[in-house]
Structures are given as structure tokens and as C-alpha cells.
Amino acid sequence: MTVRHINPEGLHRSPAFSQAVVVEQPAKTIYIGGQNGVDAEGKVVGPTLGEQSLQAFRRIATILESEGGSLANVVHWRIAVLDGLSFEEGVAAFQQVWDRADPPPAITVHFVAGLGPGFLLEIDAVAVV
Amino acid sequence: MTVRHINPEGLHRSPAFSQAVVVEQPAKTIYIGGQNGVDAEGKVVGPTLGEQSLQAFRRIATILESEGGSLANVVHWRIAVLDGLSFEEGVAAFQQVWDRADPPPAITVHFVAGLGPGFLLEIDAVAVV
Amino acid sequence: MTVRHINPEGLHRSPAFSQAVVVEQPAKTIYIGGQNGVDAEGKVVGPTLGEQSLQAFRRIATILESEGGSLANVVHWRIAVLDGLSFEEGVAAFQQVWDRADPPPAITVHFVAGLGPGFLLEIDAVAVV
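Protein chains in written order, with this note's numbering: chain A, 13 to 141; chain B, 13 to 141; chain C, 13 to 141.
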């Protein structure tokens with residue numbers, strides 16, 4: 013299995029994401045459901061986007077570590093942020109958990125009208141280990 | 013091909029979803045486009061979220077059955093519900109179609125500002141047969 | 013690897029999308045992050061949904077061409093349109109870039125409360141080459 017993070021000529025480059033990620037089989041693909049800023053009992057960890065983002069990223073890391081991987085194995089994540097908020101604190105959380113030496117995943121970001129009770133963001137992901 | 017539904021230590025467990033689903037290749041992967049509560053002619057089946065949810069789940073089942081699978085083969089679904097509605101009726105519809113003996117898929121739920129005309133929800137999915 | 017676009021009995025057919033796409037491994041899977049109507053420097057190309065849609069489709073084509081594919085290799089795309097807009101101009105852009113001889117991808121369309129600054133739509137995609 014090979015994974016290549018690509019930024020083809022003609023598309024801008026960003027340290028925050030790759031334009032696309034190419035996975036050649038065979039691979040172990042992990043579909044991670046929407047993760048929120050909740051603790052091991054499912055309770056919201058705090059009222060700020062920064063806290064919730066950090067916790068959601070940590071939950072994704074926990075899932076991947078349980079399968080012998082790490083955040084670096086994410087190939088695409090989709091981030092939904094509650095409308096009216098700025099995602100700046102989420103970016104700061106990302107910088108806290110992400111090793112800059114790793115090529116970043118493809119990303120999708122939407123501001124949505126609503127999420128589950130108390131949730132300020134939700135992140136789902138596909139990872140390849 | 014193996015499919016494992018995982019709920020790693022440190023993340024809460026729910027009868028309604030798995031935290032992630034691990035697929036080891038080779039597998040047949042089915043990408044199911046956003047399904048709505050519409051009939052075989054594409055007409056909306058009714059004005060309630062319960063009716064539309066049930067129909068969307070049935071359409072996904074129809075797609076999977078045509079490929080030798082069933083709803084149990086879904087590994088991740090993403091549910092978009094029109095803003096202002098409660099998803100309770102959708103949960104009831106899920107309970108009606110889902111065999112509790114099967115490990116549930118990973119899930120993402122967003123409340124969105126709008127969907128196609130007359131649609132109260134849209135469900136897309138990835139399944140592995 | 014085989015890719016089959018399916019429209020099972022009991023679901024309506026549309027020239028604009030397939031109900032689902034079946035991928036049998038081994039395949040090269042490409043996860044394309046949310047593409048917007050921006051140029052090679054990341055600047056928004058124009059203030060209309062038509063311009064932005066066309067550019068987002070072209071960016072996806074650029075990504076796929078860099079991997080020996082084309083738009084025809086997309087198996088599922090998810091389109092988020094800013095709330096309050098009609099997607100008609102996006103459909104016109106799709107018709108401009110899409111070869112009608114190719115079976116269309118599975119599709120998800122949401123109207124969302126917000127996107128990045130200046131963006132009227134965002135399209136992410138999974139492709140199989």
C-alpha cells in the first residue's frame with residue numbers, strides 16, 4: 013500500500029492541508045464517525061471551540077492508535093463548525109496536535125446551522141493505515 | 013476482506029453507532045450518494061421526518077441488496093437534517109430498519125440550512141460488501 | 013479493479029447522478045479535499061456561483077489528470093452551496109465540464125450556513141483511478 017499527498021501544479025500549496033491524497037491498495041481503511049469535544053463518557057469537555065477541537069482531534073488520535081496508527085494516517089477529514097463561530101481556535105488546536113513533519117490530510121470545512129446538543133464542531137475522517 | 017467495528021478504550025459506547033469501522037482489503041466498496049425520502053419516481057413520500065427517514069434508509073437497503081448486501085454493510089453514513097427539526101423521528105426510523113444484532117456504522121450528523129426542494133434529510137453512505 | 017455505476021430497480025434514474033458506485037479492489041483511491049472557486053494562488057476567481065463552480069470542477073480535473081485520470085473517475089462528490097443561493101449555475105457548470113457519455117458519480121448536496129471567506133460553494137470528492 014502506498015499513500016501520496018499531492019498538490020498538483022496549478023493548485024496552491026498550504027501547510028494546513030493537501031489538495032488530495034492518493035491511496036494505492038491493498039490498505040487498511042478506517043472510517044471515523046463524527047467526533048465531538050466529548051470525554052470518555054460522552055460529556056462535552058468545555059464551552060469553547062478550542063477545547064472541543066482539541067478533544068475531537070485527541071479522540072481521532074485515540075481511535076487511530078488503537079489500530080496501530082496515528083493522526084498522520086488521516087487522508088481526509090471533514091470539519092463542521094457551528095455557524096457564527098470562527099474556526100481560528102480549531103486551527104490552533106490542530107497545530108497543537110499535528111506534527112508539521114507529516115504531510116497534512118485533504119480537508120473539507122463547512123459552517124453548519126446546527127450540531128448535537130452542546131457541540132461546537134464535529135470532525136469525521138477517513139484514514140489509511 | 014475483514015470489517016471490524018471499533019470503540020477503543022477511552023471513547024464512549026453507544027448502541028446507535030460505532031466510533032469507527034476498520035476495513036481491510038481487498039473489499040468491494042460502495043459509495044452511496046445522498047438518499048432522500050423519495051419514491052421510485054423521485055417524488056417526496058411525505059411531509060414528516062419520520063416518513064422521509066424511513067424511506068431514505070429503505071433506499072439504501074435497496075441499493076445494498078442489489079449488490080448482495082444489506083444495511084449491515086454500511087460502514088459510515090452522514091446524515092444531514094434540515095435546521096429547526098429534531099432528529100428523533102429519524103432515530104425511530106433507524107430503529108425500525110436496523111437489526112440490533114449488527115454492529116452499527118460510524119455516523120456523522122449535521123443540521124444544515126437547506127436541502128433539495130421538499131427534503132427534510134439526506135443520508136449518504138459508504139458500505140463494504 | 014472494476015467500477016460500476018448502479019441505479020437499482022425501484023430507484024429513479026437521473027442523467028445528473030448515479031444512485032451509487034461500486035468499486036471492487038484493488039484500486040487507486042483518491043480523496044480530494046474541499047475545492048473552491050479559487051485560482052492557482054488561492055484567490056477567489058469571481059463573485060458568481062457559476063464561475064466558482066466551474067473553477068472548482070476544473071481544480072478537481074487538474075488533480076485527477078495529475079494522477080492519470082479525469083473527472084470521469086470521480087465516484088462520489090459532496091457539494092456544499094452557501095445558503096440562499098440556487099445551485100442552477102452550478103448545474104450549468106457541471107454540464108460544461110462533464111462528458112455525458114460517462115456514467116455520473118454519486119452525489120450529495122447540502123446548503124450550508126457558511127463557508128470560507130468569499131466561497132459560494134465547496135466540492136470534495138472520492139475518485140478511483
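Note that these hints are calculated values from the structure, not bench results.
Please read all numbers here as calculations on a predicted model, not as lab measurements.
Be a bit skeptical, because a hint or two may be false.
What follows is a list of derived Cβ distance ranges for each label pair [unchecked claim]: (1) A:GLU36 / B:GLN107: 38 to 46 angstroms; (2) C:ALA104 / A:GLY128: 44 to 52 angstroms; (3) B:ASP51 / C:LYS55: 30 to 38 angstroms; (4) C:ASN19 / B:VAL103: 26 to 34 angstroms; (5) C:SER26 / B:GLY96: 26 to 34 angstroms; (6) B:PRO38 / A:GLY80: 16 to 24 angstroms; (7) A:GLU77 / B:PRO115: 19 to 27 angstroms; (8) B:SER82 / A:GLY128: 39 to 47 angstroms.
Built from N, CA and C at the ideal position, the CB exists for glycine as well.
Results for each hint:
1. A:GLU36 / B:GLN107: 38 to 46 angstroms: Check passed, 39 angstroms falls within 38 to 46 angstroms.
2. C:ALA104 / A:GLY128: 44 to 52 angstroms: With a Cβ separation near 36 angstroms, ALA104 of chain C and GLY128 of chain A fall outside 44 to 52 angstroms, so the hint is violated.
3. B:ASP51 / C:LYS55: 30 to 38 angstroms: violated, 44 angstroms
4. C:ASN19 / B:VAL103: 26 to 34 angstroms: holds, 29 angstroms
5. C:SER26 / B:GLY96: 26 to 34 angstroms: holds, 28 angstroms
6. B:PRO38 / A:GLY80: 16 to 24 angstroms: Holds - the Cβ-Cβ distance for PRO38 of chain B and GLY80 of chain A, about 20 angstroms, lies within 16 to 24 angstroms.
7. A:GLU77 / B:PRO115: 19 to 27 angstroms: holds, 20 angstroms
8. B:SER82 / A:GLY128: 39 to 47 angstroms: About 27 angstroms separates the Cβ atoms of SER82 of chain B and GLY128 of chain A, which means 39 to 47 angstroms is violated.
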